[in-house]
Amino acid sequence: MTASIATNQTILVVGGGIAGMTAALEAAECGKQVILAEKTPTLGGRTSLLYRYFPKMCHPTCGLEINLKRIRGNPNVRVMTMTEVAAVSGSRGDYNVTLKIKPRYVTEACTGCGDCGKAVTAEVPNPANYGLDKIKAAYLPHGMAYPQRFVIDPSIVGTADGEAAKAACKFGAVDLAMQEETVEFKVGSVVWATGWRPFDAAKIQPYGYDRFDNVITSLEFERLADPRGPTGGKIVRPGDGKEAKNIAFIQCAGSRDENYLRHCSRICCMATLKQTQYVREAWGEEAKSTVYYIDIRAIDRFEDFYANVWNDATVSFIKSKVARIALNEENGNPVLHGVNTEGYHRYATEHDLVVLAVGMEPEVTGVKLPDDIVLDSSNFIEGSKSGGMFGAGSAASPLDVNRAVQSATAASLKAIQVIHKTASTEASA
Amino acid sequence: MSKKQYAFYPGCSSQAKASADNFVRSIDVVCEKLDVQLNEIPDWNCCGASIGYGEGGELPRLALSARNLALAETNFAGQDMVSVCPACWLASRETAERLHESNSLLAETNEALKEAGLTFKGEVKARHFVEVLIEDIGWDKMKSQVVKPLDGLKFAGYVGCQTNRPFGIVGESFENPQYLDKMIETCGGEAVAYDQKVTCCGGALAFSEPEKAQKQIRDIVESAYDHGADIIVTPCQLCQANVEIYQSEINKKQGTKFNMPVVYYSQLMTLAYGGTARQAGLDGQLIKAEKLEKIAGK
Amino acid sequence: MTTANPKYKNSFLKEVEANVEDGHMVKMCMQCGVCAGSCPLGPHWEHSPQKIFMMIRAGKREEVLSSDSMWMCTSCYNCIVRCPRKLPITHIMHGLANYAHRLGLAPQGQPTRDIAKLFWNNIIKTGRVNELTFSLAMYFKDGFGQGIKNAMAMQGVGLGLVKAKRLNPMEILGGHSCKDKSGIHKMIAKAREIEDRRKGFAQ
Amino acid sequence: MNAPATPKYAAYVCSGCGIGDKLNVPALEKVATKEGKMALVKTHEFLCNAAGVQMIRDDIANEGVTHLCIAACSRRAKAEAFQFAGVAMSRANLREGVIWVVAEGADHDEVRQEMAEDYVRMGCAEVKKMAAPAGNVKESSSKKILVVGGGMSGMTAALAAADAGYEVVLVEKTGALGGFANNLYKRVPFNGPYAEPQEVGAGETAAQVTGNSKIKVYLNSTVTETAGAPGRFAVKIAAESGSISEELCGAIVQATGFTTYPLDKLPELGGGQANVVDQVGLEALAKSANGGAIKRADGQEVKSVVFVQCAGQRGHGGNGSGAHLDYCSGHCCATSIKQAMYFKDQNPDVDTVVMYSDLRVPGMGEDFYRSAQQKGVIFTKAKVNGVTGGNSCKVDFKDLILDEDVTTDADLVVLATGQVPTAGVDLDEWTATVTAAESGDAAAVEKKSELQKISVLNLNYRQGPDMPQFKYGFADSHFICFPYETRRTGIYAAGPTRRPMDMFQATEDATGAALKAIQTVENVAQGRAALPRAGDLSFPKARLEGCTQCKRCTVECPFGAIDEDEKRFPVFNEERCRRCGTCMGACPVRVISFENYSCDTVGMQVKAVNVPDEFEEKPRILILACENDAYPALDMAGLQRMTYSAFVRAIPVRCLGSVNTIWITDALNSGYDGVMMMGCKRGDEYQCHFVKGSEMAFYRMSKIGDTLKQLGLEEERVQTQEVAITDNTRVVKLINDYVAQLTEMGPSPMKGFG
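Residue numbers (our numbering), protein chains in the order written: chain H, 1284 to 1712; chain X, 8 to 305; chain S, 21 to 223; chain Z, 16 to 769.
Since the hints were made in silico from the structure, they are not lab data.
The reader is advised that the hints may include incorrect statements.
Heads up, simulated DSS-like pairs for lysine-lysine below, C-alpha to C-alpha not over 25 Å straight-line [stated by the list, open to error]:
id, chain 1, residue 1, chain 2, residue 2
1, S, K219, Z, K707
2, H, K1339, Z, K390
3, S, K34, Z, K413
4, X, K121, S, K219
No experiment lies behind these values; they were computed from the predicted model shown.
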């Protein structure tokens, strides 16, 4: 790849989640040239791992299909997967970027036929299910993966399995000699849509995520409810496969906590309200969801979703930050200890399963970013000193999908403005 | 080789014939084996303990600890001040940190200290002996001294509160600290997993609220039994005293048959390092640790 | 100081901020209740810490200061390490107890309060704890008769400790002590004087 | 570009990905040649690789191929590889649609081959009826952006568009720019450290707008008519003075803001009584105090203030009778925090209590909350039972933490009331009024002109003068992934008219809306469609000579794209059109079609299928699947190697709304045993991106019963299903169950008559 793939009239979008795809597409559909760089092997990001959206209970995959169709049909967007930003120098309107491309070990020749997967015996934790199950070490990330190309896990490169995959491919698409590549080019503006990651629940020691099988995160629960997930949509306990009907949802797991994340992650209340409805759908009147919360932040029109869940007899709300979780060693049930602060009532309640509504931590936390970038106290991207780089979506602030897309659309125009200014000054010069 | 030097703040319970008399004896052996020299701070005073607040108030308690810190600074300049008692460590470290944060508080404290002819410069670091073992000596060296591994013995590592919170040992979890289990294993024993590792023993309230405290103690001992422990091991004097002393009380009141020895980590190390029962202070147990004595006798 | 407190006004909160150890943090509580659930003696509290913080903001001066809740603190520090707002709850509880005690509003005969007093006097006397006199003092705090009972009740333990050389009968004659007792006494007196001045207690 | 005079048809069969192993490829070639009548038929073992694609390119260049059928994988796969400008192309789905879903083994070889051959027949039949859409390039269209509303949102949108190089017309009904922001003393912080209120900055922004040569501002003006379509909106702007100006605009940003919920509707919370104000009322007091002690209307200095959150909001979850607003306005918690700071910053001794039910300060708002606590603001989780105003206000409330009923007094009580959107006319009300008016109801005629006065856009669309309103009167999108996707192409709402929001969100939102407006004018210039068929160059054409003026297309178009001329013939505004084909599905005489999607492109596929006679016991079932959800679900079933009956033949459709009943009757006539339609969820939470497509299909099929009876067929032979894109497992079951059911019923009596 040469520097000629881009000029200072090009926009670089970092991150191929829904915010990044949106930022890239909105600019491209205004006629701008965009490079969309995604760290993982596929576009889609976190939303492609969600089962449903609040408050409509519709399927994120539906929007993903539309966005992927837009990308397939738009020559202005150049998609680069397994690609990370190594460095950005320069300033507004004139950045030099260096990208690192990790080896996929599968070339464009891949048709997605799956023969390599059949040939391989080794299995790796399935990233699409947060490691709740395993997949072959030669795999398609998921049904909606784009590009629809297999990936070979580095762990089998140089093994018999690796060779088996190579031998199985009729199209010679497996290239085990592939090396990490570095490319450099100019862009006029950069949109950082690097998104978020779930806060490491193991750090919240009183909840024993690292000690108790039946304490899981809200993202893992999302996979459990999804028919495409590890249990085929059955809500059962990872610990022993027992049906989980009596489920506790613990809010602010990491968020609003100066020991962990000082910000409120905004989405967790609504995500939990949504997930109580998964439980209801699965078990009907037998379902029992208990939400332990500090404040229910069902903001603006989401209020009516909250009102409906509030009126759902299978769901109850307790204003309390759970103090600690103990284990009932007989039945593996987590036991929640705490106090309902509305009138001071102590509880020690057993549940089949505990879901920690984990907070959003900016994916760039701990990553070395260009000096030009301005972060807030929680590592969300406020913007850049020279004004040519922008945060978009949940990289800029903890946002739900709808707001993330709105934010990405705005960031897209800000990038276009930079391009426009550069162009017009060059024209007048 | 030259020994590592520390200003030593033993604390009241570690004095000769005080409640943790046997503890310090084992500490001495451990220091001897690991080339650590503890230099007792001359004329140190009580830290005020946690219960001191009721009458003592804020500044008087700070003054008490500041006096010890000042004595350490003046007598053993450049040395960290080490305590074996969590309460002492907590009071000292908290004082050092709060005086570091607030100049006004430091000024007031020094104004009081002047009456005792001292000033606190705020240089000395207050540390726990366990920190010294882990951070300065290291696991490898601790293990290297083991000659009599405590094979076949099951211990419940009981960390309790104040060695663990609010400061704790660096890198350890408040809810599930590992270092004590690791010490047990270093000595060749088996650390059982149980759910009362950091439960409060009732602390000073063992005196004032016996029923409430003894409920805590019962939970701890019971769980240790349920999970197959022979002996409870602790780094804390108050934990040791409460959990050992009140077993007979609980038996009397509640008809239990508790008879679980409660020893200090340093006693295990002393034995594992080949020390005698006497050196390990096993004679100091109210509930005899026969299984340990047997090993000592080997 | 003891003016009637209007409801949901700042006066008592301000008093607490001025006179209670770390009292300035009370206003930072967001009522999550993690402290209440973390306290080992929680079941025995009338008011949990978080509730006490709310009561302070609501101006419930008498209820707070005459409550024996903060005297239930075992100083286990669970609340401190779990508080999402990093309130030094243990210190605030200690501070409130001490403040109530100094004002004479703390409940009479509250055992922890009495023991705290005994303990403090015991250590200040010589600069170090005299475990024997402290124990005896405790047994006799409720009067001679009760004291004998208490002592008898714990006799086994006492003897055991003596046998284990962990309690020295000779301590009755003074026992361990700092050399510079007078210095310590002066220091404590001074510290108290400064604090009283700062907190506006009558000398 | 237009296709050459002499069309040349070619078919390319890929034998890769196991197609060659599982299917008789020469037989497929034969079908393409003999039955498909393809002039050129080639097979390639790896059609999507460079060599395969080059082969096709060469044929286009050298052999003059104008139409090609690619018989390989799903149209959703390898789309980039198979892109050939200027030629018409169909895809026969042999991989995901046949070999991946038909059961393994020799027993199934026959049906598998039949299925593949049918798909080749269908692909060839389809492409013959297709033309490569040329697109209707309109370089001359207007790229000017109209912004309605001169508040923070409107000004931001105007500046955002201008900074990207576009001309802007800004219409503000009052005499000054700034809107609601002009009422504020300070604003909630936009950026770190989120500890102190910030200067509002409305004045500066207004100055930037007036100073910007690309922005033309109309003050004291309203929009009295919006005619035309994206790229050519003819906008009439009336000034108070009565003078009318006209502007030709390409796209519209509606930033008409909100009003505050009327205080006097909240008597139970002291609304209307002395010293009980709403948040905007407090801003006024703070402004006049200007940093000094805040005084009440009666001039008395405020020493104690209580903020009542959710006043007349959140239904029964908030404070007040519950009979007010059901939603939460989102900004009020942060606003009250800011206002409490006004007092504390001026005098820390002022008692400030915020009574909340859930304190809602998401994201970094948590820092703002902490900062207020630091300043000594007291927060109480409370349910307020009543407020009385007067010299010493009384607030009766239940402290939910202390669990007791209390009364406290305050010099001033601030009610955090909600945002009420200014989004013009409710279209349901409009339609009702117009219908009544047309039937000669005088009152309705009167009401109609009243409604026109409150309209903000006065669109002359037959569907009404404003944007369709979403819940609670907000002009919002129905879609989560596409917040700007509404039913009026080229018109985008921004700020609190779209959703309750604070000022920071409003400025972000306005910037996003500006982009969408810009995108619209660029799309129009290139003749491209907007979401969800972004970039589609095809558009509906009608053979008006065949039109019966039945008006179904104009009525059923979800986007108001079709007007009527004086002779009541449909007039297509293609710039408003989203290319869903609902009009095509609605047309009883089938005069509406797209170049690459028409009654024929589908009809011919239906007819191309080889339907065995009743003795073969091989039923045929036609599946018409929504291309966005059901068809991908079928693909993914294949990807997961699930198996379903080889008796079905699936055709992707743009939307079930585009399904013309002729396809159904044709299918049944030609002996199909059943027809299954798969569309999106319908109803209030509909997922159809063409709004009513699925709804329409169900409605139309409910009417098809009679036709079936005439044909002597059971109603079960036509089935309509809601299928979500995640239903890969379910879709397989639906198919297999339906096949079983039809087998049970026995073959269609129509067989052989077709």
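Quick rundown of the hints versus the structure:
Pair hint K219(S) plus K707(Z) does not hold up; C-alpha atoms about 73 Å apart against a cutoff of 25 Å. Proximity of K1339(H) to K390(Z) is assessed by CA-CA distance (about 40 Å); at most 25 Å being required, the pair is judged violated. Taking the CA atoms of K34(S) and K413(Z), the gap is about 24 Å. The hint holds against a cut of 25 Å. Straight-line distance between C-alpha atoms of K121(X) and K219(S) comes to about 21 Å, which keeps the hinted pair within the 25 Å bound.
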